[in-house]
Amino acid sequence: MSKIEIRSPLPGTFYRASSPDVPPFKADGDSVTNGDAIGLIEVMKTFQEVAAGVEGRNITFLVENEEPVMAGQVIAEVEA
Amino acid sequence: MTIRSILVANRGEIAVRIIKAAKALGIRTVQIHSAADADMLAVKLADEAIDIGSPAPKKSYLNVEAVVNAARAAGVDAVHPGYGFLSENADFADAVEAAGMIFIGPKGDAIRLLGDKVAAREVAAKAGLPTVPGSAGRLATIEDARAVAAKTGFPIMIKAAAGGGGRGIRIAADLADLERHFPQASTEALASFGDGGLYLEKVVTKARHVEVQILGDGENFIHCFERECSLQRRRQKVWEEAPSFLLPGDVRTRLCESAVALAREVGYRGAGTVEYLYDESTGEFYFIEVNTRIQVEHPVTEMITGIDLVEEMIRIAGGAPLSIRQADVTSNGHAIECRINAEDPVKGFMPAPGTISRLVAPQGEGVRFDTMLYEGYTIPPFYDSLIGKLIVWGATRETCLARLRTALEGLVIEGIPTTIPLHLALATDASVARGAFDTRFLEQWLETEFAAKAGATAEVA
Numbered sequence: 479m480s481k482i483e484i485r486s487p488l489p490g491t492f493y494r495a496s497s498p499d500v501p502p503f504k505a506d507g508d509s510v511t512n513g514d515a516i517g518l519i520e521v522m523k524t525f526q527e528v529a530a531g532v533e534g535r536n537i538t539f540l541v542e543n544e545e546p547v548m549a550g551q552v553i554a555e556v557e558a
Numbered sequence: 296m297t298i299r300s301i302l303v304a305n306r307g308e309i310a311v312r313i314i315k316a317a318k319a320l321g322i323r324t325v326q327i328h329s330a331a332d333a334d335m336l337a338v339k340l341a342d343e344a345i346d347i348g349s350p351a352p353k354k355s356y357l358n359v360e361a362v363v364n365a366a367r368a369a370g371v372d373a374v375h376p377g378y379g380f381l382s383e384n385a386d387f388a389d390a391v392e393a394a395g396m397i398f399i400g401p402k403g404d405a406i407r408l409l410g411d412k413v414a415a416r417e418v419a420a421k422a423g424l425p426t427v428p429g430s431a432g433r434l435a436t437i438e439d440a441r442a443v444a445a446k447t448g449f450p451i452m453i454k455a456a457a458g459g460g461g462r463g464i465r466i467a468a469d470l471a472d473l474e475r476h477f478p479q480a481s482t483e484a485l486a487s488f489g490d491g492g493l494y495l496e497k498v499v500t501k502a503r504h505v506e507v508q509i510l511g512d513g514e515n516f517i518h519c520f521e522r523e524c525s526l527q528r529r530r531q532k533v534w535e536e537a538p539s540f541l542l543p544g545d546v547r548t549r550l551c552e553s554a555v556a557l558a559r560e561v562g563y564r565g566a567g568t569v570e571y572l573y574d575e576s577t578g579e580f581y582f583i584e585v586n587t588r589i590q591v592e593h594p595v596t597e598m599i600t601g602i603d604l605v606e607e608m609i610r611i612a613g614g615a616p617l618s619i620r621q622a623d624v625t626s627n628g629h630a631i632e633c634r635i636n637a638e639d640p641v642k643g644f645m646p647a648p649g650t651i652s653r654l655v656a657p658q659g660e661g662v663r664f665d666t667m668l669y670e671g672y673t674i675p676p677f678y679d680s681l682i683g684k685l686i687v688w689g690a691t692r693e694t695c696l697a698r699l700r701t702a703l704e705g706l707v708i709e710g711i712p713t714t715i716p717l718h719l720a721l722a723t724d725a726s727v728a729r730g731a732f733d734t735r736f737l738e739q740w741l742e743t744e745f746a747a748k749a750g751a752t753a754e755v756a
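Chains as they are written, first to last, in the numbering used here: chain A, 479 to 558; chain B, 296 to 756.
The hints are simulated quantities; they were obtained by calculation from the structure and are not laboratory data. Where hints are given, some of them may not hold.
The calculated lysine-lysine pairs, modelled on DSSO-like cross-linking and capped at a C-alpha distance of 27 Å, are [to be verified]:
(1) A/K504 to B/K354
(2) B/K402 to B/K354
(3) B/K339 to A/K523
(4) A/K523 to B/K642
(5) A/K523 to B/K354
(6) A/K523 to B/K421
If you're wondering where the values come from, they're calculated on a predicted model, not measured in any experiment.
Bound conformation, chain B alone:
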């Protein structure tokens, strides 16, 4: 069935992004919002808006019943969950479908399977993907954990089966650490995720975070090349690129093909991301997890392939076959995304909600700014600090970086501190220019290079 109306079950910049895609397809949009979000941009852009509850996420955006009731009341054909909130909640996907509407994403069963990190590891191995050395499945006891660690060595990660997105992870440096952390990690996982199941993965030191964008319609499966997301702080991505420009061609081919193999193995439907660690010194890559949603950093893939991933998701959910074949997907040039957060990078990334007094979005060739900001908008304190994404494309990575520097200088957000100064420093950094970084680079660089630069700026001011 063709989707004629969509409930946007999210907020912030991704809600704006979904509404834009829906409008391009001639689809009516209904935006849900909490009491704290009545004046957000997506509410203004949507055809209709519904207040679903108080500011606390669990009383609004995480409240399955309230969201499904809003969708029913609005009489929409489909629900787009965005990222975060209920986007990877299998019960929510099931509830939407049970209420006679389309969930824009994979079926609940696929979300459940891939959301269980142990089950996902098993299915990935079955599809022939290399996995990080570790336990074969869930570990029942500390004795089992000891046996696995004896084979893989230390340091080792204790991960929650129901975790993901960097949550529910502890690192054990040695056996004593493992003995101490294992029971605590289980209790914590049970409290956080309602599932105390644990598994072990060896820590791959000096790894890059590389991920492959996949699309499937249940019968046809393609990749849209890879993204490089190694620049992270506290396991949260800060800066993303496409492609991962230092990846050797043969590795890229095997990596992307492995993601398609996994999509085929589970009969994937919708847009998804297969995440890997890549060890540059050995040329080996290892599967980590699958995200069954649209990702924050999807625009860099759109910039190099010309594919509108959100529109494609909506078409697939409406029952259309993939509109593109693998042979049609080409990678052109280079794109970088900077996550602009309402945080003060020189004050330990202290979050800073507040009112935007002035906003100037940069213009220019290859520049895109996805945001929910407007002048006079007050960012509420109850949600994520992401306020915009500056995405820049260039024919080469060098051109891209040069354009990015100009775009960052042209981006003006006044009224609150933002992470723009951090991105300006990264965009002019020699190691970043060479691509000489791994997942541990940014935190160290913040303490040394950035602290020195920020200190110097503070003295001048």
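Extracted from the complex, chain A is given alone in its bound form:
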């Protein structure tokens, strides 16, 4: 079974939910489709949504909530 990587388009801080008091966009193990948001990147005080950009099952996050990420860093993996 092949894994597909989802990379951060921007450097910044990664958030799994749109605000601290709502559930994350995706829980571990969820399936995703292309347009699904999987998190937010805060870059210079503005927030950009990160779309999955791929289709797959059983998502695994490799970056914790509120952790810094580099552009191009793998945020999550899904199974094809």
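We have chain A already, so just place chain B on it with the hints.
Relative to chain A, chain B alone:
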């Protein structure tokens, strides 16, 4: 006591600015930084640097305990908070003083009083300042809000008592809007500021944002004239000037004197800014809020008055009386500041952190460039997008604008997109040249004039 050493509790260009002022006074500097800022310019310029935590602001620059511990470990006499971060946090000011050091700014109580926008409105009214028509204090219920709106009319602003700096504001166009927004605004204010208190202010349409620089030593209070900061995008200032050149002389006198009256009312100590809305059609001005810190746009005031505001703040904090009397403060010529941000103005102001491959600062008479950039520096993505401020002075506003155009053409920042093209367009705009703008001008101009210019440039490219 004379201050011999300072902890710089900030980052970016203002940290560099504070270090320069400290060096001019022969003061030792200790720079705090997050793990993401180890190679920033202020770290290189300071006598000593201390890593205080991970990149996230709340784990570093907003962490009161970490900053106070660093100050204690460094054995400094005083802490300069800069702007943003902990600069208007009364508990931080108290914690610094409790640890036996000087906070370079007003006392915690004064920050607390003026930081509560409702209390500040009340104290301003007491000092005789005109305030924007609205509620007399905090509103307990929606019924009270309805009663206020019935008197002032619409549109009306719902503001968070603990907000400020353009945050925590909603606009209600009519009664239905007010009913809908009021409870949401309260919940949001509680979540954002830990205080759900709200008040109402009528929207002054066609207003300029004018503000007065004040200095006080607790006994003597002066103003250093006004600044014009109407060119804003999303309530953030983009371009600032001093003086507000279209202000009639008698209005300027009353405006500046009212700011001094407010400073006297609260026994102000340090540098501060009293912000107003000015309605050109009626000649009326209204108090909005006081900022108890040094402001981003302080250089335009320095350029027309020759006063070094940061040095003066440090001297006052050290216990010295004001070194200048009101009669010594004169306004000479005109100054404009352009905020240079790491944002792409033709792509919706998308933030653009990255590495600076080439930097050429403009030279010339009356030109100042406050920045934290150097060639090879990588701007981290975790903080504000402000990377520099181009400040230009001229004997007249016309000369100033001409020099500004040359300076903007001479300013080269390669490696990332910046807002330089936006400023070039503003500096050559006919409405800007006439000073024909209010706080709503820029956003509209961006959608029309600037979009057309940027579109034309894109086609050529």
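Going down the list of hints, with the structure as the test:
1. A/K504 to B/K354: holds (26 Å)
2. B/K402 to B/K354: holds (25 Å)
3. B/K339 to A/K523: Within the cut-off at roughly 25 Å; holds.
4. A/K523 to B/K642: At roughly 17 Å apart (the allowed maximum being 27 Å), B/K642 and A/K523 satisfy the hint.
5. A/K523 to B/K354: holds (15 Å)
6. A/K523 to B/K421: violated (37 Å)
Hint check: a violation occurs at hint 6 only; the rest are consistent with the structure.
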